[in-house]
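Trainee: Those sequence lines, one after another, are chains A and B. At position 230 of the first sequence (counting the first as 1) the number is 282 in this note's numbering, and the numbers step up by one without a gap. At position 53 of the second sequence (counting the first as 1) the number is 509 in this note's numbering, and the numbers step up by one without a gap.
For the record, the hints were derived by calculation from the structure and aren't laboratory data. By construction, the Cβ of each residue, glycine as well, lies at the ideal position given by its N, Cα and C atoms. Watch out, some of these pointers could steer you wrong.
[Said to hold, decoys possible] Quick list of the computed label-pair ranges, beta carbon to beta carbon: (1) A:239 to B:590: 20 to 28 Å; (2) A:157 to B:490: 22 to 30 Å; (3) A:274 to B:515: 50 to 58 Å; (4) B:630 to A:242: 30 to 38 Å; (5) A:242 to B:656: 39 to 47 Å; (6) B:490 to A:206: 34 to 42 Å; (7) A:245 to B:582: 35 to 43 Å; (8) A:166 to B:478: 36 to 44 Å; (9) B:706 to A:206: 53 to 61 Å.
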Amino acid sequence: MSVIPQSARLRQTGALRSMVDFYVVRMRTAVQQQFQYRVATYFYMLGMVAEPVILLVVWTTIAEQQGGFIQGLPVGYFAAYYIVWTLVRNMNIVFGAPYWEHRIREGQLSGQLLRPLHPLHDDIAYFAGAKVIWILLWLPIAVALTFLFDPLLDPTALEIGVFALAIWGAYLIRTMFMSALGMLCFWTTRGAAIFDMYMTSELLLSGRLVPLPLMPDWVEDIARFFPFQWAFFFPIESLVGDLTTRELLGGLVAQLFWILVGLALFSLAWRSAVKRFSAVGG
Amino acid sequence: MNTVRVAWLFLKIGVLNELQYRVNFVVQLFQSAITLGVGLAVLALVYSHTDELNGWSHAELLCLLGIQILMVGAIKIYVQPNMERVIDEVREGTFDYALTKPEDSQVLASVREVRIWQVVNVFSGLIVLGFGLSQITTDLGALDAVAFAISLLLGAVMIYCFWLVIATGAFWVVNMWHVAELFDGLVQTGRWPVGIYPGWLRFGITFLVPVAFAVTVPAEAVTSRLEWETLLLAVVFAAFLFAATRWFWRFGLRRYSGASA
Numbered sequence: 053m054s055v056i057p058q059s060a061r062l063r064q065t066g067a068l069r070s071m072v073d074f075y076v077v078r079m080r081t082a083v084q085q086q087f088q089y090r091v092a093t094y095f096y097m098l099g100m101v102a103e104p105v106i107l108l109v110v111w112t113t114i115a116e117q118q119g120g121f122i123q124g125l126p127v128g129y130f131a132a133y134y135i136v137w138t139l140v141r142n143m144n145i146v147f148g149a150p151y152w153e154h155r156i157r158e159g160q161l162s163g164q165l166l167r168p169l170h171p172l173h174d175d176i177a178y179f180a181g182a183k184v185i186w187i188l189l190w191l192p193i194a195v196a197l198t199f200l201f202d203p204l205l206d207p208t209a210l211e212i213g214v215f216a217l218a219i220w221g222a223y224l225i226r227t228m229f230m231s232a233l234g235m236l237c238f239w240t241t242r243g244a245a246i247f248d249m250y251m252t253s254e255l256l257l258s259g260r261l262v263p264l265p266l267m268p269d270w271v272e273d274i275a276r277f278f279p280f281q282w283a284f285f286f287p288i289e290s291l292v293g294d295l296t297t298r299e300l301l302g303g304l305v306a307q308l309f310w311i312l313v314g315l316a317l318f319s320l321a322w323r324s325a326v327k328r329f330s331a332v333g334g
Numbered sequence: 457m458n459t460v461r462v463a464w465l466f467l468k469i470g471v472l473n474e475l476q477y478r479v480n481f482v483v484q485l486f487q488s489a490i491t492l493g494v495g496l497a498v499l500a501l502v503y504s505h506t507d508e509l510n511g512w513s514h515a516e517l518l519c520l521l522g523i524q525i526l527m528v529g530a531i532k533i534y535v536q537p538n539m540e541r542v543i544d545e546v547r548e549g550t551f552d553y554a555l556t557k558p559e560d561s562q563v564l565a566s567v568r569e570v571r572i573w574q575v576v577n578v579f580s581g582l583i584v585l586g587f588g589l590s591q592i593t594t595d596l597g598a599l600d601a602v603a604f605a606i607s608l609l610l611g612a613v614m615i616y617c618f619w620l621v622i623a624t625g626a627f628w629v630v631n632m633w634h635v636a637e638l639f640d641g642l643v644q645t646g647r648w649p650v651g652i653y654p655g656w657l658r659f660g661i662t663f664l665v666p667v668a669f670a671v672t673v674p675a676e677a678v679t680s681r682l683e684w685e686t687l688l689l690a691v692v693f694a695a696f697l698f699a700a701t702r703w704f705w706r707f708g709l710r711r712y713s714g715a716s717a
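Using the sequences provided together with the hints, build the complete structure.
Mentor: This is how it looks when you write it as structure tokens:
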């Protein structure tokens, strides 16, 4: 009686395998799509690099005025910090909260809800694939910045390993929290103010603006209670700084903790959000 | 004369249209407050680690910040929305409607949009500038004030020319909307005196994306740093850019084959 083709039924039995299949295919299409618009992507990346280069120049200038150090950190540290920053930033760009509004308004969500897979998987896989191309395009920029600014970078094997994991941790932390925040779009079309507040808090408390130790102590204390630094400062510092083995591994655990917190928040919000959702378009 | 009339008419319609959405004023107010707050926080942070940056004091950099916020606000009222519309319309094929009108295409492309609530940024910039000036001990002469006004105007013209080049680029590279992000990134360089940047970057933000002319030069005027040669260079460069970009626009237009028809 069944009209489901044999192959599809086989896939259903192996849920894990079909999930892996889905991720591979979605990532591959993302790679193709990003590569198609490589000029546009490059413009985007160049614009993105402006931010760390400006900060780098400012702090380098100050360090050089004071004999090469700020709070014991040498000029080369700042160069390394902001160059690694560009890779970490590339990795933690995710499907932003404000775009949920677009997704709802344009009726895209209606279609996505009909699929047997949660839309979050789609986002994670798509952006993970896009990052492959972004990293490829980022490499020449990194080489150029290295020549121009002379970074002080001397990581151990463990640091490199932790960094390789931590950038994906950063990606997942931001995915979870941005998605959770995006759920606001189910209740209001004026989330912009809240999103701006969130981005500003992140800017100041994450290490995106400056290495956290340069912040006043009270800011560092506040930063402890938020996930922000685990998506910026920790991945950068794991490669650039001199963290102990304990701090490195502890950092990965902290990342996992915040991923789970974000996921819990998202799932909670998602459940009531979908109940509220009345389809638009389709 | 006709150009001015057309521009004025579009401006009136645009403003009326925007005034319908009054809540946007509150949203803009909030966003401007955040922009300003972050700018001030970064300056405070920098000056907690040093007394002067490349010869600029805290108060002088406040002036620079004010001018940058003001300039970006002004560009976002009138220049950027128009140019982004051209880019969008080229992609969607609706730009043909503008081309079939009897008015000069560059004029028409440059006057159709206005984002009046961005005026909030202009005022917020002016307030920061005023506050910065009040902290500076040296007096602002009448000549400095005139030089400031002229350099501000020239700067706006140059940024317009930059945007026009980008918009014209859409005739070749259709997917140009990322350039808006590029501009938003580069315009942040204006928060700091160009003198701190390494040579290649200084050249770039002076002649390729004229942020230095648009922000640093006016700031030099109000902090009595401006040399008259710089102002003269600004005049010549603005005139050159204006002529060159007009030629480029027409060149691009000849090549453009339309997308909707």
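Trainee: For every hint, state whether the structure bears it out.
Mentor: Hints, verified against the model:
At roughly 44 Å, the beta-carbon separation of residue 239 (chain A) and residue 590 (chain B) lies outside the given 20 to 28 Å, and the hint is violated. Checked against the hint of 22 to 30 Å, the C-beta distance between residue 157 (chain A) and residue 490 (chain B) comes to roughly 24 Å, which is consistent with it. For residue 274 (chain A) and residue 515 (chain B), the hinted distance range of 50 to 58 Å is not satisfied, since their beta carbons lie about 28 Å from each other. Residue 630 (chain B) and residue 242 (chain A) have their C-beta atoms about 32 Å apart, which keeps the hinted 30 to 38 Å range intact.
Checked against the hint of 39 to 47 Å, the C-beta distance between residue 242 (chain A) and residue 656 (chain B) comes to roughly 43 Å, which is consistent with it. In this structure, residue 490 (chain B) and residue 206 (chain A) meet the distance hint of 34 to 42 Å, their C-beta atoms being roughly 38 Å apart. Separation of residue 245 (chain A) from residue 582 (chain B) is about 24 Å and departs from the stated range, judged on CB atoms against 35 to 43 Å. With their beta carbons about 39 Å apart, residue 166 (chain A) and residue 478 (chain B) fall inside the hinted range of 36 to 44 Å.
Hint check: residue 706 (chain B) to residue 206 (chain A), Cβ distance near 55 Å, so the stated range 53 to 61 Å holds.
Of the numbered hints listed earlier, those contradicted by the structure are 1, 3, 7.
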